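Going down the list, the sequences are from chains R and B.
Position 17, counted from 1, in the first sequence is what full-length UniProt numbering calls 17; the numbers after and before it change by one each time, with no gaps.
Position 117, counted from 1, in the second sequence is what full-length UniProt numbering calls 117; the numbers after and before it change by one each time, with no gaps.
It is worth saying that the hints were derived from the structure and are not from the lab.
Where hints are given, some of them may not hold.
Identical chains blur together in the list; that is why a pair holds if it fits in one copy or across any two.
To be verified - Taking lysine-lysine pairs in the DSSO-like style, the calculated list, with each CA pair at most 30 Å apart, reads: (1) K89 / K192; (2) K192 / K140; (3) K140 / K151; (4) K208 / K372; (5) K274 / K260; (6) K74 / K89; (7) K348 / K418; (8) K140 / K150; (9) K156 / K135; (10) K379 / K89; (11) K383 / K135; (12) K413 / K99; (13) K379 / K416; (14) K155 / K132; (15) K208 / K383; (16) K419 / K260; (17) K135 / K151.
All of these numbers come straight from a predicted model, not from anything done at the bench.
There are 2 protein chains.
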Amino acid sequence: MLRNTSKHIAIAGAGLVGSLLSIYLKKRGYSVSVFERRGDMRSSDYVGGRSINLALSNRGIRALEEVGLAEELKRIAIPMHGRMMHDMKGNLSYQAYGKEGQYINSISRSALNIALMNEAETIGVQFYFEQKIEKTDLEKTTLTIEDKHKKFTEKKFDLIIGADGAFSAIRDAFRISDRFDYQQFYIQHGYKELSIPAGPGNTFQLEKNALHIWPRESFMLIALPNPDGTFTLTLFFPFEGNPSFASIDSTQAIKEFLEKTFPDAVALMPEYLKEFEQNPTSSLVTVKCYPWVKNNTLLIGDAAHAIVPFYGQGMNAGFEDCRVLNNLLDEHKDNWETLLPAFQQLRKPDGDAIAQLALDNFIEMRDLVADKEFLLRKKIEAKLYELFPTQWIPQYSMVTFHENIRYSEAYTKGQKQKKIMDEVMAQTNIEETWERLDFNEIVGRL
Amino acid sequence: MLRNTSKHIAIAGAGLVGSLLSIYLKKRGYSVSVFERRGDMRSSDYVGGRSINLALSNRGIRALEEVGLAEELKRIAIPMHGRMMHDMKGNLSYQAYGKEGQYINSISRSALNIALMNEAETIGVQFYFEQKIEKTDLEKTTLTIEDKHKKFTEKKFDLIIGADGAFSAIRDAFRISDRFDYQQFYIQHGYKELSIPAGPGNTFQLEKNALHIWPRESFMLIALPNPDGTFTLTLFFPFEGNPSFASIDSTQAIKEFLEKTFPDAVALMPEYLKEFEQNPTSSLVTVKCYPWVKNNTLLIGDAAHAIVPFYGQGMNAGFEDCRVLNNLLDEHKDNWETLLPAFQQLRKPDGDAIAQLALDNFIEMRDLVADKEFLLRKKIEAKLYELFPTQWIPQYSMVTFHENIRYSEAYTKGQKQKKIMDEVMAQTNIEETWERLDFNEIVGRL
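The shape of chain R in the complex, shown without the other chains (with noise of 0.2 Å):
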């Protein structure tokens, strides 16, 4: 029967979505615990292994403002209006995100993460790290942490949130239990940072403002722009087959062919060919299951749903996680009797749905960007946004800049949409008459 504040509350993991659930829980009076495997990113001999720059948005973006972060966070962020395609022969195209003034933004991962943390220390969330959660035991809602000295503590908590993100110490102790759906799979393509590097007096060598993509039909190359003026670059290669990680397996077969898909990329990257042959190939995984809740213990963000990048939803969702189960917090007078399986029921439907969108996207970014039907299709679909903007609205801005509009929704109604603009795309001849489509008609199809 937890019912009132002054519960204490443990949090596996104090990534992006940990430390800042901890400041949420913190600030309505909860005692916050966060235990971390790794050490402490703010110490000097922090070695991160995750990626180094990520896509901020809209829902991202409204929870930080909850906790009053969000200003702050902003400072150090890029604006990115749209999408940069790089064709062959290095020739530029450009599609907007949105309307004017919509954007997203590229953020450090450690910057932001730092942030968080620093905030909820001074609150008073007390932090733990290199501490190793060995067992949940999820009838007595207890841990039992490895510290850095290899001693082992059994803890008990009033609760317990796992959000350790998508390989889950807390979740293990779920999957074997009874009753648990579980599911993770791979797509067949890793992915592999690169770097371009600052130009002279710190200035950016490619639109700053941007999220550059080298779309190559079965694979991709992107780039986010670093207040530093470099860019961090991420080429998503399948793993076997032709041209793979596999196929390419000499310098000078990597040379070749990142010479000959990316020439003004590479143009620009002195260190290309260290940096692909050292830095690690990481693999990209979704994760379902359900329940997220098993008595006082509560699965959230990437441990509950962790999927692809390819929408830049990933920390989003999280952080959306957080807003809505502190929504229901004050719904639910904290009674957390009620409010997990609320939040699981409420909240599962749109974990699903970012994750199909996210496989989707990519799909999208790596082939269609460059399809020059798709890019008609996204003409048709901004001037339906325009002539009727609260009707009609593409499902990357419902997603991106919609954060009222849940992603089930978003999924649903993106897919409507989808069978329509099939059907208009169909049309004889549509490049030459799309402007004299009848968009009225259109719009009453939904």
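Following the hints, put chain B in place on chain R, whose structure we already have.
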């Protein structure tokens, strides 16, 4: 480079599949050690935890023939030639499973398992009981095993085979390795075993040579005969909702519900209330994963593809795995390096197919078998089978009696047949006119 048969193979799990596989491999000349978490079921103090009897059909029998045990085991099996349906008033209707002479077999799980272990030990397989696999190292091909004295030992093998069931410990090592796709999901129903005792002089109180079904749309009770005149009953029933294990929560409610719903069965079950209240309620999981092979470790049987029991194929599929593996050992001249990838590529579609067939068949068993239109459909299909015995084989027959047809093939063909039958059944007045159908034309649609 495991080429010749002097290698040492560890099998995890002394269940049906592990024991059968150990015989196959020992007969080829391998040194085979079987490690079982539980005690020896042949010892007097063994407490079982699994279902009491199973349906053995052609695929399983084929494997038992290959290891020379089919005749011995058929003697303790009871042929079931068809389904005997019991309605709410105790009225019976009967549906044969196939043609004259085609039947499935009710067999005791423990008797079958013991026969396999005895044979394996006779030919030199080493069994080790109460051995818990703590860790599997997929790189080094080692098992860290905890014995009953809590002593841990790391053992190295040339090959490790995980035949340790739906909750395989070997599979845990796969799950935490990179790029392993894994899914476990539970159906909404659980099951509980009940029993009908033998009549005077060990007589059978229901028709002996049938599988009995009490189909009740959203749930069902089934009964399989045992050699001692008893029947083992299994109630498949929702966990939640109304009615469900949760809703029938008092002795009085259980009594009223069972007496009303299964009157003829309950009349033969003096202990039904005690059994209902004391026997455990178990859940039903489906497990899918891939790959089944990492280096020199292989998953097989339920460890690779656990399914629900509604097609009576779980054990048969596992036995078929062993037979297919043995065939590939012949083909590849015991070169495991090439045969392991070949095995998983060949068998994965069959594992997926039988998983889906088993899920689909639950609806057929609990609901459709009591449906008039469905029975007519079966009658028309039986006619097609009679007229075109090689072209139109009903799906149930393909799966159960035609061991040369792969599960994946039976699934695809069955889907095609279903589509044609949907069209046939949609004809007006089909109940009256079906005997005048142009059966030649129908088969021509295949």
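Verification of the hints:
no., hint, in the structure
1, K89 / K192, "within (23 Å within a copy, 67 Å between copies)"
2, K192 / K140, "between (42 Å within a copy, 27 Å between copies)"
3, K140 / K151, "both (21 Å within a copy, 28 Å between copies)"
4, K208 / K372, "within (25 Å within a copy, 70 Å between copies)"
5, K274 / K260, "within (17 Å within a copy, 76 Å between copies)"
6, K74 / K89, "neither (35 Å within a copy, 72 Å between copies)"
7, K348 / K418, "within (23 Å within a copy, 34 Å between copies)"
8, K140 / K150, "both (23 Å within a copy, 25 Å between copies)"
9, K156 / K135, "both (12 Å within a copy, 28 Å between copies)"
10, K379 / K89, "within (24 Å within a copy, 66 Å between copies)"
11, K383 / K135, "neither (55 Å within a copy, 59 Å between copies)"
12, K413 / K99, "within (19 Å within a copy, 52 Å between copies)"
13, K379 / K416, "within (18 Å within a copy, 42 Å between copies)"
14, K155 / K132, "both (13 Å within a copy, 27 Å between copies)"
15, K208 / K383, "within (27 Å within a copy, 73 Å between copies)"
16, K419 / K260, "neither (37 Å within a copy, 50 Å between copies)"
17, K135 / K151, "both (13 Å within a copy, 21 Å between copies)"
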